[in-house]
Amino acid sequence: MSVWLHIVALGLLASLGAALLRVWRGPSQADRMMAAQLAGTGGVAVLMVLAALQDWGLLVVALALALLAALAAVGFVKAQTPDGAGDPEESPPPRDWAQKPAARQPDNGA
Amino acid sequence: MTLALDLALCALIVCVSLATVAGGGIFRAIIFFITYGLFLAIGWARLGAFDVALAEAAIGAGLTGVLLLAAHGRLRRMRTKAVVQRTGLNLPAALAATAMTGALGWAWFALPAPSVPDLSQSIAQTGVGNPVTAVLLNFRAWDTLLESIVLLAALLGVWMLAREEDWNTPLGPRYHALSGGVLVGFGRLLPPVGLIFGAYLVWAGAESVGGAFQGGTVLAAVGLVALMANVLPAPSISQAGLRIALVLGPGVFLCTGLLAAALGSDFLSIAPEVAKAMILTIEIALSISIAVTLALLVLGPPVDTQGAP
Amino acid sequence: MMADIATYVLTALGLVFFVAGTVGLLRFPDTFSRLHALTKADNLGLGFIALGLAFQAESWAQLAMLALIWALALLAAGTVAQLVARAALAGLQEDE
Chain A
-14 MSVWLHIVAL GLLASLGAAL LRVWRGPSQA DRMMAAQLAG TGGVAVLMVL AALQDWGLLV
46 VALALALLAA LAAVGFVKAQ TPDGAGDPEE SPPPRDWAQK PAARQPDNGA
Chain B
12 MTLALDLALC ALIVCVSLAT VAGGGIFRAI IFFITYGLFL AIGWARLGAF DVALAEAAIG
72 AGLTGVLLLA AHGRLRRMRT KAVVQRTGLN LPAALAATAM TGALGWAWFA LPAPSVPDLS
132 QSIAQTGVGN PVTAVLLNFR AWDTLLESIV LLAALLGVWM LAREEDWNTP LGPRYHALSG
192 GVLVGFGRLL PPVGLIFGAY LVWAGAESVG GAFQGGTVLA AVGLVALMAN VLPAPSISQA
252 GLRIALVLGP GVFLCTGLLA AALGSDFLSI APEVAKAMIL TIEIALSISI AVTLALLVLG
312 PPVDTQGAP
Chain C
224 MMADIATYVL TALGLVFFVA GTVGLLRFPD TFSRLHALTK ADNLGLGFIA LGLAFQAESW
284 AQLAMLALIW ALALLAAGTV AQLVARAALA GLQEDE
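Chains as they are written, first to last, in the numbering used here: chain A, -14 to 95; chain B, 12 to 320; chain C, 224 to 319.
If you're looking for bench data, these hints aren't it; they were derived computationally from the structure. Note that CB positions come from ideal geometry on N, CA and C, so glycine has one too. Relax, there's no trap hidden among the hints.
Simulated DEER-style distance windows between Cβ atoms: (1) C:Val239 <-> B:Val258: 52 to 58 Å; (2) B:Asp154 <-> A:Leu6: 39 to 45 Å; (3) B:Asp154 <-> C:Leu286: 34 to 40 Å.
With the C-beta cut set under 8 Å, the calculated list includes, among others, these residues of chain A facing chain B: (4) Val(-12); (5) His(-9); (6) Trp9; (7) Ala21; (8) Ala64; (9) Ala70; (10) Glu75.
The following block holds chain A by itself, in its conformation from the complex:
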């Protein structure tokens, strides 16, 4: 069991490291922020596995990380609004948002 949990933790860390490639490449800022969000959730999973391996007191740390995972993303979304303090839902989507896929070029990771 302990060996298997180590393997799971290693697999999660490898998957996290690969997600950071999107931070490196991602052409838009939302791509980079999303990859950081995935890293945060992966970190929660790694901490939970470490809690089962080392000491169940680590669940408190995992809970704190899960609580704060969204804070940076909410800060990012608010910083992108025109006056820096708004809500992205306050401005309606552009009129042609349903036609966008034809005009949008897949960026293929750029």
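Guided by the hints, dock chains B and C onto chain A, whose structure is given.
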């Protein structure tokens, strides 16, 4: 197997820190810095330092991320183009840094291992079971008192960026959100859970993982979510309640120290009989102050609506 | 014995979903499809790992903590997905 896990974690930390300074835009560096804080928190957890891991996760991956992203958004709104001049390698600086690293490495191997004093008997007298709390609030209470005052001084430094006329206006950018939207719903659901969790961390910090600083940081983070969703109205500097909350922590700490001095023993000494009650009182007051100070530090000075962005 | 088998199977499933989420994040062509992949890893990956570890827990308090962690991660993931998608749709965020 454990060694492979630790090596992978160390490799990730080094790669992320190199990627942070590798350039390619400020936003990318900010995101890498946030993930760097996350991996450091996992590293602290591997080392068994759970309280430090808690603080690192809350501050490094949470509060600092919001601060840097808000600053970046503000720079972007002012249409400041971040021009990074590529001037090539700075040879004197590189040589000095390498020499410093070499000297530190040599000192690490050359110095004898320090003899760790046996604190196990003394911890029983401090009134708390968590050794980190015992050190922070009993053995080294002087440092913690000064740190809480330093936090307050940092907040005053941020407030000096405001004009005198703005001291009655609400702090920070005037947050607004679509009522009934996703952000407001989040700002209503998350803070109560965070409040209970933060209070639990302060209370449980005496015996297990937690403490005043960790609880205060979690409270500051969820308070910030409530402020950003406009569920909690932003306070202004002139409010008396705000000023009392800020001064409460250092004030109570200082008063207990002076009380101990007045009663005949040394300044900041805690008698074993009243230790637990006194430490808990100081911790509750400190966590309130730390929560309010950290939230206001990230919020920033009051902004006038006509002029600066 | 049964608990150990359950842990093996469920944590393996969780790891598969996490890897799938990362592969989706790297390979999908568009911001919105990447967001789609990311939320699968958030919800299902973390859920299966929490469920698998629950069979190893030693007390009800730890079970409650695992469930609470997953619920909070769900709440955060759902909110962030909505907000980031809305910001990207309105063209509010520029390419770097």
